[in-house]
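S.K.: Since the structure of chain A is provided, determine the placement of chains B and C on it from the hints.
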Amino acid sequence: MDTKESTTYHAVLIAAAVIGTIIFYFIVSVIRQQRKHRLLYKAKIEAEITTLEKERARVAADLHDELGPTLSAVKFKLASIEKLNGEDAVTITKASHYIDTILHQVRNIANDLMPNTLLRKGPADAIEEFIDHMTVNSGLKISFRPENMPVIPQSHAIHVYRIIQEIIHNTVKHAGATKLKIELYAHKNKFIIATADDGKGFNYNTMIKEKNGLGLSNLRSRTEILSGELHVSSRPGKGTTFIIEIPIPG
Amino acid sequence: MDTQVIIFSFSIFVGTIIGWLRFKKIEPAFLPFIICLTVASLNEVASLIMTTCQANTAFNNNIYVLLEALLITWQFKTWGLFNRHRHLYTFILSLLAISWIVENFMTHNIFSITFCFRTLYSFIIVLMSIHINNNLILTYRYSLLKSPVFLICTGFIIYFTYKILVEAFWFYGLNVSRDFRINVYSLLTWINLFVNLIYALALLWIPKKAQHITLS
Amino acid sequence: MKTPYAPVKIILADDHEIFRDGFHSLLKNQTGIVLLAEAANGQQLVTLTAKHLPDVVLTDIKMPVMDGIEATRIITEKYPQVGIIALSMFNDDKLIIDMLEAGAKGYLIKNAHKTEIIDAINTVAQHNQYYCSATGIKLTQLIANSRFNPNDPNSKMIFSDKEKEVICLICQEFSNKEISLALHLSIRTIEGYRERILQKTNSRNTAGIVVYAIRNNIFIP
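Protein chains in written order, with my numbering: chain A, 1 to 250; chain B, 1 to 216; chain C, 1 to 221.
Chain A on its own, in the form it takes in the complex (with noise of 0.2 angstroms):
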């Protein structure tokens, strides 16, 4: 190479250098965007889902504390109004079960907004109570087993047992499976979360696109709060798997 072509090589290498220069400063800022766009997102869904849920613990307390009592005085009245021939004894007698059935159901409705077992034992016990409530409800028979459970911050809590109701309320809904089972348990350091059902499963891509599959929207919403993975496996007429890792916190 002469001197001439020696400056051209230059201007090549400087001109390179330039261009992956200009690819690089491209790629580092969009990656950083990325970061920025990401955090954003999750703290919008965060602050999103915390309101929710506070918003349901309030309405649940509400309907705890302050239906229950005026309800169990209106029956009380009832029970005083004395000197009643048959028909009228009759009829009083069905106000009070009625009454009766309309307490059964607050709790029912309170409880599912936001259940007192989950604040007082913990997820574990509490995702019982739902699996004991849902399989008379729905002939579903549902197989529990938390095994070595690992201490979940109350936090996370639940956001555990809502993504738990979530593929339950799934399963009963759209699967018409027989049977589901649900395992719970810790590995390394994650907490692992997976079901699988016997029902007829469903295409992953049409779902996504439909706008009422809510369902898998809020899983995904609450398993991006707990930073942590979700997997879902599903083939028509083959059931469904879903299978959450979260990693442990601390």
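Keep in mind the hints are simulated off the structure, nothing from the lab.
Among the hints, erroneous ones may be present.
Partner residues are not named here, just some residues of chain A that face chain B (Cβ under 10 angstroms, in silico) [stated by the list, open to error]:
no., residue
1, G20
2, F24
3, Q33
4, R38
5, S217
6, R220
C-beta atoms are modelled at their ideal positions from N, C-alpha and C, and glycine is treated no differently.
M.R.: This is chains B and C only, laid out in the frame that chain A set:
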């Protein structure tokens, strides 16, 4: 050829080995890419053999570029790039195949290194990689730097952009000497090394298949 | 021991005025029970108890200022002759256990039937424990495993084998008819057994039998 060039080119084996070692444990979606790395490794061996036999390396390289183009396009399909435009996939494949055939059998021959096909497919790959990366930026919920797809596509962008520039110099040399061209080409080998290491890293970071529980 | 002719004096504590009003109406025509006073929180309850010395106190668990558990502790300590009945909205409230362990002799759910409420008051006035008849199986297990034990530990009851069989079936929520079929005895015989068991375990209803059985290892759930 230069020892340095040979060593750098053989860096592709790192990625290939990692890919096949991990193959059973990882998501099957990366298969085309691993096959592509394997084919690239084989091509390096073939070039080495051809060179030691004093033969032209154009033949194996021409075949290699066709395979590379088709495999990478297939990989993009597995990554879901053509989910909404099925016909685009067939169109690109046909375009690549047809232009390769035209260039290697009609306008030139298969024993000479040509320019058009190489530029065309590099260009297409860069565009597809940019598309996927943009999508990833907006939808990916974890650290982008650790996403294998992002790393691989970025590798593609870097390598193939430079490849277009270098190929241009190689053929439209503007009366430059052979030394000049070789020097410019050696730039590409450095970039090739860099990108091969990125591929190896990406393969290392492909997530394992999620464990499944069985209903019993 | 309360003489059977003097009316039972009670005090009610609940932070919901409407509930207290309703309860008031309930006792309107009951000659055997007299409502001396009403409290809106634990503090008032303790003061009123000190002042009136009732036979039985019915109290809500969650109240402002001082809750039912704290008030129960104080009253049990200072006035052990006063029987305390815990009132809860729902029949598997774990706080009931806390109330029992703090000194309550029994509990009711707030929408219990009038006759049951009166029965409970009279039972506790006789210094016996009372478990609400609508108690769920989980709560009975918890009660059996808790520190609450009003029974005299020295009086060990002996049960015949047949009686133990009947007890076990009762604990598994068999009805009288189902028990008679399972043991090939007449319903009348089973009813007789049940009466005897109720007396021996000092219970007013099935819940009491179950708690006794679990506690004394007659039935292992």
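S.K.: Just to be careful: measuring from the Cβ of G20(A) to every Cβ in chain B, is the smallest value less than 10 angstroms?
M.R.: Nearest chain B Cβ about 8 angstroms off; hint holds.
S.K.: Close enough to count: is the Cβ of R38(A) nearer than 10 angstroms to one in chain B?
M.R.: Hint on R38(A): holds, closest Cβ of chain B at ~6 angstroms, below 10 angstroms.
S.K.: Close enough to count: is the Cβ of Q33(A) nearer than 10 angstroms to one in chain B?
M.R.: 7 angstroms, holds
S.K.: Regarding the hint that F24(A) lies at the interface with chain B, is the smallest CB-CB distance below 10 angstroms?
M.R.: Cβ of F24(A) sits 9 angstroms from chain B, so the hint holds.
S.K.: Quick one, is the S217(A) hint okay against chain B at 10 angstroms, beta carbons?
M.R.: Violated. Min distance 12 angstroms.
S.K.: Verify the interface restraint on R220(A): the C-beta must sit less than 10 angstroms from at least one C-beta of chain B.
M.R.: The hint holds - R220(A) has a Cβ within 10 angstroms of chain B, the shortest such distance being about 9 angstroms.
The structure fails hint 5 only (numbered hints given earlier).
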